[in-house]
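Student: If you want the building blocks of each chain, they are given just below.
2 protein chains.
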Amino acid sequence: MSIPEQIDQGANAADRRVLVFDTTLRDGEQSPGIALNTAEKLEIAQQLARLGVDVIEAGFPITSPGDFEAVQTIAREVSDPAPPIIAGLARTHVADIDAAWEAVRDAERPRIHTFISTSDIHIVHQLQTTREDVKGQARAAVAHAKRYLEDVEFSPMDATRSEVEFTAEVVKIAIEEGATTINIPDTVGYAMPHEFQAFLARLYELVPELRDVTLSVHCHDDLGLAVANSFAGVLAGARQVECAVNGIGERAGNASLEEIVMLLRTRRADVGGLDTGVNSRELARTSRLVSRLTGYPVQPNKAIVGRNAFAHESGIHQDGVLKERSTYEIMDATTVGLESNSIVLGKHSGRHALHDALAEMGFEVDGQALNTAFKRFKEIADKKKAVTAMDLEALMSDELRGEIPGYTLEWFEVEASSRRPPHARVAVRLPEGELAEGSFTGDGPIDAVLAAINTAVGMHPKLSDFKIGAVTEGQDALGEVSVVVEIEGRSGSGQAVSTDIIEAAARAYVRALSVARARTLEPRDAAGLPATAP
Amino acid sequence: MSIPEQIDQGANAADRRVLVFDTTLRDGEQSPGIALNTAEKLEIAQQLARLGVDVIEAGFPITSPGDFEAVQTIAREVSDPAPPIIAGLARTHVADIDAAWEAVRDAERPRIHTFISTSDIHIVHQLQTTREDVKGQARAAVAHAKRYLEDVEFSPMDATRSEVEFTAEVVKIAIEEGATTINIPDTVGYAMPHEFQAFLARLYELVPELRDVTLSVHCHDDLGLAVANSFAGVLAGARQVECAVNGIGERAGNASLEEIVMLLRTRRADVGGLDTGVNSRELARTSRLVSRLTGYPVQPNKAIVGRNAFAHESGIHQDGVLKERSTYEIMDATTVGLESNSIVLGKHSGRHALHDALAEMGFEVDGQALNTAFKRFKEIADKKKAVTAMDLEALMSDELRGEIPGYTLEWFEVEASSRRPPHARVAVRLPEGELAEGSFTGDGPIDAVLAAINTAVGMHPKLSDFKIGAVTEGQDALGEVSVVVEIEGRSGSGQAVSTDIIEAAARAYVRALSVARARTLEPRDAAGLPATAP
Chain A
8 MSIPEQIDQG
18 ANAADRRVLV
28 FDTTLRDGEQ
38 SPGIALNTAE
48 KLEIAQQLAR
58 LGVDVIEAGF
68 PITSPGDFEA
78 VQTIAREVSD
88 PAPPIIAGLA
98 RTHVADIDAA
108 WEAVRDAERP
118 RIHTFISTSD
128 IHIVHQLQTT
138 REDVKGQARA
148 AVAHAKRYLE
158 DVEFSPMDAT
168 RSEVEFTAEV
178 VKIAIEEGAT
188 TINIPDTVGY
198 AMPHEFQAFL
208 ARLYELVPEL
218 RDVTLSVHCH
228 DDLGLAVANS
238 FAGVLAGARQ
248 VECAVNGIGE
258 RAGNASLEEI
268 VMLLRTRRAD
278 VGGLDTGVNS
288 RELARTSRLV
298 SRLTGYPVQP
308 NKAIVGRNAF
318 AHESGIHQDG
328 VLKERSTYEI
338 MDATTVGLES
348 NSIVLGKHSG
358 RHALHDALAE
368 MGFEVDGQAL
378 NTAFKRFKEI
388 ADKKKAVTAM
398 DLEALMSDEL
408 RGEIPGYTLE
418 WFEVEASSRR
428 PPHARVAVRL
438 PEGELAEGSF
448 TGDGPIDAVL
458 AAINTAVGMH
468 PKLSDFKIGA
478 VTEGQDALGE
488 VSVVVEIEGR
498 SGSGQAVSTD
508 IIEAAARAYV
518 RALSVARART
528 LEPRDAAGLP
538 ATAP
Chain B
8 MSIPEQIDQG
18 ANAADRRVLV
28 FDTTLRDGEQ
38 SPGIALNTAE
48 KLEIAQQLAR
58 LGVDVIEAGF
68 PITSPGDFEA
78 VQTIAREVSD
88 PAPPIIAGLA
98 RTHVADIDAA
108 WEAVRDAERP
118 RIHTFISTSD
128 IHIVHQLQTT
138 REDVKGQARA
148 AVAHAKRYLE
158 DVEFSPMDAT
168 RSEVEFTAEV
178 VKIAIEEGAT
188 TINIPDTVGY
198 AMPHEFQAFL
208 ARLYELVPEL
218 RDVTLSVHCH
228 DDLGLAVANS
238 FAGVLAGARQ
248 VECAVNGIGE
258 RAGNASLEEI
268 VMLLRTRRAD
278 VGGLDTGVNS
288 RELARTSRLV
298 SRLTGYPVQP
308 NKAIVGRNAF
318 AHESGIHQDG
328 VLKERSTYEI
338 MDATTVGLES
348 NSIVLGKHSG
358 RHALHDALAE
368 MGFEVDGQAL
378 NTAFKRFKEI
388 ADKKKAVTAM
398 DLEALMSDEL
408 RGEIPGYTLE
418 WFEVEASSRR
428 PPHARVAVRL
438 PEGELAEGSF
448 TGDGPIDAVL
458 AAINTAVGMH
468 PKLSDFKIGA
478 VTEGQDALGE
488 VSVVVEIEGR
498 SGSGQAVSTD
508 IIEAAARAYV
518 RALSVARART
528 LEPRDAAGLP
538 ATAP
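One line per chain: the protein sequences are A and B, in this order. Okay, so the first sequence: first residue is 8 according to the numbering used here, each after it adds one. Okay, so the second sequence: first residue is 8 according to the numbering used here, each after it adds one.
Bear in mind the hints are in silico, worked out from the structure with no lab data behind them. Fair warning: this is a prediction, and the values are worked out from it, not measured in the lab. It is possible that part of the hints are untrue.
Same chains, same label: a pair holds when it works inside one copy or across any pair of copies.
Straight-line alpha carbon distances no greater than 30 Å define the calculated DSBU-like cross-link-like pairs of lysine-lysine that follow [said to hold, decoys possible]:
id: 1; residue 1: 179; residue 2: 142
id: 2; residue 1: 142; residue 2: 382
id: 3; residue 1: 153; residue 2: 354
id: 4; residue 1: 354; residue 2: 469
id: 5; residue 1: 382; residue 2: 469
The shape of chain A in the complex, shown without the other chains:
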């Protein structure tokens, strides 16, 4: 199939605009160990709006009161600079759709996204029902959602392992009932690009009315092909791509938003002008924010947003770039927002300077919040000669997380040496207000502090993950610690930044404990399903 054939075959071939449907907060947030609270989800959603995505899938409202609240908050508050579509996910059950509607109804542009599997392997083994029943459920769900609103998306889950003829029947029904977007998911990350393209081409043949709605694709990266399959989908006519920042999501994750965006932007002239509406200069910052809040690191060699994605190491490459950048660069690092990390403030900067620097970065902070931010800023500025935009980003994110009710670290002391075991003492304020002290002699200083905290709070959670990173370079860099703990099967993550790594670790750990504790108090939904994904 030649290139012009490919890019002209789709339904909306005349339309060159590809919609970006971001599922960082739904499929991405389903990654093991990620447990964002409402304030964190709102911060990510606001950054996604700034990035210019078209649709934010904010969550799966039926799954928990916490998820419902986050979707509702995002639907009510995210509208700047332009209101994105806010989508809520729902199975075909009436209760799911009702919950999704209640959660998104206050958005300027609400959407309900409902789904059911069309693959026999899912129908027989998981749903334990029949193809006829699946058709009935799809019809009823779309019809029910349409009673509430115009914008309804339908996904035949596990489509790529389904018989295309049956998927076509179900898609036809969804369109008959008024679905305005049809999303074809490669749920298990099994498709190959040429195969996915052939599947979609066949679907267009079987369902000509697909040309009257938006075709969407949702690909997983289990075989490393999520971006390639999404791109094949776009060439076949899809005009919406579902993706997540840093490619997070179930198992190997979703198609990476930044790769899709920069692939189209860079090769736009060669694919008939296909492009997204994303402001690529916000990509690096969005990636850092999501990495920091989820605790999921980005590999240094990750395309587009990895620390070294634009670094030239070999002599021949460096030589070439010095002579003429285009010899080894197909993109300019500034187009993805990887400008030099310039110094913005110093220890003598005042409250006004901080306010203005934050405003320029898109954080509107005033009153008590500005006082708190200024206090944290001064602590850092006293230790660090130059405070950069990346330091401020990290601090602001850190501040937002101060609000989780639960435990608070009051003070700690540690002695460590290669000649005797380390000893730690801590004091933690309990949720009830009482001050509890604990001490421990452990194998390492951080181990000793965490164990002392366990003693103080009287819990022994499982430590599932522990990571330390540097926000900026150099000896006086802010250290950033991400911790994931598990209590009664519920995980909680905590992050903290400080120039003192033990302090950052202790604060991150206490926060993770608070989050996990809060989650153990949340009711589960009737089916006992905390979340899900097409």
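Position chain B against the provided structure of chain A, taking the given hints into account.
Tutor: Relative to the frame of chain A, chain B by itself:
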């Protein structure tokens, strides 16, 4: 283009075996901040042989005496369980080819890989020469290499941005002179799969004799398409794929070896039986080894080898997998070697048990090396209830790095508290044998220890990167620290494991200093080019 058409068009269409050409030690090692010594490169090469790759590109011998020595050592020592082809990279210069030959000549199956750019952008701006000269250089280089050995690979660098007709002329010349493998690199990661496939199809038309040699592809991941482009190459007839473990390499890196391998293994029946000879059960361990020695972390959601690549988080997915694994799993975690991390030894295990456990893991350790390993094992076993295979892997890797001459940490002491600045004292043995002490009051305990080390050794290197990870889960996990420092423009990385994070940080830092110091003492090659990549 239909699937059968695609997979049958290639030169070696009848041959279903795809050769794996691993460039972890050459293109991968060119990643910023990676600085492996000979012992580490040998360890990776031995693991690659165990993994069953067909070709190991061991380095670029002309670039430094260290690179030459590493390639030569690998050529001489890696032959178990079967001798892989050992390749050395060379520009078209006579001196490059001579150095490559000297370095690989002792291998059972040596190869010289030579390259020159065919894109006008490289010819004009970097080489500052003419197309005629490029043809002459390609001809002379292949002819010169053929005087030494039969197995010669030629790459037209930046091929995907070259005029296909000119690339065809150069490829024709290389084949005339006896090149046995022609590798088409997408040097800057610019190609799209359908475009790359069309480029290769046209090349076959223009150079029918390409059917008599092995066609290879080498793709970079700048737009997230390295695996998809490599796969498109295979479908177009390539029977060698150049790739790197964890996808490391220049900028966004190379095609990820594990993704290519598992893509073909999983979809083999649907691509006419195309497959590699790799033992997939060694993939997870190879990935961990490379991540540990390079200090490059693997994202939790990285396909195939990420910690969560096989984790099911959402309720619906968990429910499905419990009913029938294939509902959400297309691969079994055990096929990539992600077996449960079982306990292998405890504190009462003896020297024989350690020897046997290591032997089962493929480490043959005896005599003094076993004594040292046993001593380190006992230190860990005293602090950790259960020692797992992953702990032993980390320990063995750590031991191998004990051999870098330079600085040695003798002891340290740190006091840290939230109520006063942390204070550290250290003693470091200098390369000359003298013991130097240093102390520092810093912003954080690790910062204080590193600064105290600087004081002791009298250097103030730039700290480019600092990472801490846990080898296994839980409170008593081994902590693993990776540090990258820069001295006089030369970077050095160091890693260390310990249950004490400050000890691991201090040891990793001292090692990084030793490596960077050693590199500043190495001469650079005449052109001042420390390394390079097609």
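Student: Would you list, in rising numerical order, the hints stated earlier that this structure does not obey?
Tutor: 2 and 3
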